[in-house]
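Trainee: Single-letter residue listing:
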Amino acid sequence: MARQYEEVTVRGYDEFMKAVSQRKGKDVFAYFSGSKNEQGVSWCPDCVKAEPIVRGELGYLPPGSVFIYCQVGERPYWKDPNNEFKKTLKLSGVPTLLRYGTPQKLVEEECFKKDLVRMMFTED
Amino acid sequence: MAALCKWRHRLKPAGFFQNAVRRQLSDNYDYDLLVIGGGSGGLACSKEAAQFGKKVAVLDYVESSPKGTKWGLGGTCVNVGCIPKKLMHQAALLGGAVKDAQKYGWRIPSPITHDWLTMAPAVQDYIRSLNWGHRVQLQDKKVKYLNLKGSLMDGHTVKAVSKTGKESVLTAGNIVIATGGRPKYPTHIPGSLEYGISSDDIFWLKESPGKTLVVGASYIALECAGFLTGIGLDASVMVRSIPLRGFDQQIACLVTDYMGSYGTKFHWKCSPSKVEKLETGRLLVSWTDLDSGKEDQDTFDTVLWAVGRAPETRALNLEKVGVKMNRETGKVCVSADEATSVPHIYAIGDIADGRPELTPTAIQAGKLLARRLFGKSSELMDYDCVPTTVFTPLEYGSVGLSEEEAVRRHGEDGIEVFHAFYKPLEFTVAERDASHCYIKMVCLREGARRILGFHFTGPNAGEVTQGFALAIKCGATYTQLMATVGIHPTSAEEIIKLHITKRSGLDPTVTGC
Chain A
1 MARQYEEVTV RGYDEFMKAV SQRKGKDVFA YFSGSKNEQG VSWCPDCVKA EPIVRGELGY
61 LPPGSVFIYC QVGERPYWKD PNNEFKKTLK LSGVPTLLRY GTPQKLVEEE CFKKDLVRMM
121 FTED
Chain B
1 MAALCKWRHR LKPAGFFQNA VRRQLSDNYD YDLLVIGGGS GGLACSKEAA QFGKKVAVLD
61 YVESSPKGTK WGLGGTCVNV GCIPKKLMHQ AALLGGAVKD AQKYGWRIPS PITHDWLTMA
121 PAVQDYIRSL NWGHRVQLQD KKVKYLNLKG SLMDGHTVKA VSKTGKESVL TAGNIVIATG
181 GRPKYPTHIP GSLEYGISSD DIFWLKESPG KTLVVGASYI ALECAGFLTG IGLDASVMVR
241 SIPLRGFDQQ IACLVTDYMG SYGTKFHWKC SPSKVEKLET GRLLVSWTDL DSGKEDQDTF
301 DTVLWAVGRA PETRALNLEK VGVKMNRETG KVCVSADEAT SVPHIYAIGD IADGRPELTP
361 TAIQAGKLLA RRLFGKSSEL MDYDCVPTTV FTPLEYGSVG LSEEEAVRRH GEDGIEVFHA
421 FYKPLEFTVA ERDASHCYIK MVCLREGARR ILGFHFTGPN AGEVTQGFAL AIKCGATYTQ
481 LMATVGIHPT SAEEIIKLHI TKRSGLDPTV TGC
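Protein chains in written order, with UniProt numbering: chain A, 1 to 124; chain B, 1 to 513.
Since the hints were derived computationally from the structure, they do not count as laboratory data. Beta carbons: idealized from backbone N, C-alpha and C, even for Gly. Mixed in with the good hints there might be a few duds.
To be verified - Sample of chain A residues with no beta-carbon within 12 Å of chain B, all distances over it, derived:
(1) Asp14
(2) Ala19
(3) Ser35
(4) Pro62
(5) Lys105
(6) Lys113
(7) Glu123
Said to hold, decoys possible - Computed spacing ranges between beta-carbons, pair by pair:
(8) A/Tyr60 x B/Thr187: 42 to 48 Å
(9) B/Val485 x A/Glu109: 42 to 48 Å
(10) B/Glu167 x A/Glu123: 16 to 22 Å
(11) A/Met17 x B/Pro190: 33 to 39 Å
(12) B/Pro190 x A/Pro62: 43 to 49 Å
(13) A/Arg118 x B/Thr280: 48 to 54 Å
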């Protein structure tokens, strides 16, 4: 079955902003996670827990929307309160799932709740 | 008021037999509780009920204003009331603070200007985050949220209509009406509907309202005119009779006098007769001076109607179902436990007759109602001594009786009024006029002199008043007040130090330390 949404994978703030700017006018959902190591495991245990739950709901994304999977960086970069994600995008924690350009977001344990994830993907 | 409201009538709800088929014999409803209205009261009631493991749904639907303004979940307070009002009031206060700052040594380039296009989107974004926050909370607490317009079909059945017109029917063991109110338009004034806006629109304007005429004298009118003046706009208020009806009138005049001295123009005892649109796009308002009969006119960019709020009952189909309403106010009659004349139907918040139009009372009433319905509680909402604050440029906090009401109940000889004009310390260096900063405590004259009413005008009036609400709820007396030590240096300590009575005729101006 063809996916109704576009999935984009990026690393770091600059790549994220570039991906967003190339998709102006689209409904962009972004999932921010602590970066994964060579074994594919993130340093952020909550991100590890939330990812399959979020991925499980991707089928509910509105047609034509964009899902950006963004690895924010290593733990020391994330812990710095002046990193670009915290300063400019106002992220407070990882994982964060948000709908770009709207106040809709789910932070940390909220991402564990599949009904909240589904609600964000399906409601206005 | 009680005479107009005969509750507890056991009337047979309309449509009973049509719905008997839908409803099973064992009272198996879709929901244990269905709340119509997702505002302060509705959300609090539904979330509390869900805590008891009950099946709860909230229907929230916003009919656009005549101007086309719409908003999300959360009701009046969040979207077009308390929250945006306080934020814009803060914007205005900051403008004043920046001016004061220069006297305190800050080098600030003059003149300072305000940009609506920076403030309004920031306020609107915050409101949208609250809409989302409420949405997440409902989902989290397992309350079903439906963006549908509800109306009653009978005592346990609600018709719900979507924005596309799709209809559905829901049944519930209990129904709570919490649909609140909306601004009234003076439709008898030509041009009022086509060219005027209301508080539903002012916070959502995409552009600065410019030179504005606010028609009305309620706290909504004064608060709006207040912050518009504070952000540098030309704002006028047109008052038909008295300001802040229902509030202590001596204080109401201090509030409006202060606004006048800070740049808000007042047209007293005037009533608009028509609003026309000019070729330039500006509005020409004609009005009559009610005392002299003289006609006058002026042009404005915006006309804001703040002439009262009407309860949202029209579309609810209440008469058909037998829910009694107060013919004068149009609000739903309720008894002390928020019950309406129809069993299992309740009403809370602005829609309920005789209740304060305030968020905290709606929230508390909603929570207590849920606890009585589904918990083992019998606690009723106590509407006595509810504190309030009017967020005009000079803020006014009060709890308890106005002086007029105290005189009505106890007679002039039965009360003692302590008062003081004080000067907030911050005003000194800033060279601000403090002649309207005033405190009044209305007490019983006999015995320990229990405090009946508290009134305070000045900065941070809300913060100052909150603590005194507790004191008054506990039955605090003037004797106890005298025994309390003040915090220095604050404006609030002047309350503790009150000692001049109105009766003495002495000058109530505070002097020195």
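Trainee: Determine for every hint whether it applies to the structure shown.
Mentor: Evaluated hints:
1. Asp14: 25 Å, holds
2. Ala19: 23 Å, holds
3. Ser35: 27 Å, holds
4. Pro62: Correct as stated: the minimum Cβ-Cβ distance to chain B is 16 Å, above 12 Å.
5. Lys105: Nearest chain B Cβ is 8 Å from A/Lys105, so the label is violated.
6. Lys113: 7 Å, violated
7. Glu123: 7 Å, violated
8. A/Tyr60 x B/Thr187: 42 to 48 Å: 45 Å, holds
9. B/Val485 x A/Glu109: 42 to 48 Å: 45 Å, holds
10. B/Glu167 x A/Glu123: 16 to 22 Å: 20 Å, holds
11. A/Met17 x B/Pro190: 33 to 39 Å: Check failed, 53 Å falls outside 33 to 39 Å.
12. B/Pro190 x A/Pro62: 43 to 49 Å: Roughly 45 Å apart at Cβ, these two residues keep to the hinted range, so it holds.
13. A/Arg118 x B/Thr280: 48 to 54 Å: Since the Cβ atoms of A/Arg118 and B/Thr280 sit about 51 Å apart, the hinted range of 48 to 54 Å holds.
Going down the numbered hints, you'll see the structure goes against 5, 6, 7, 11, while the others check out.
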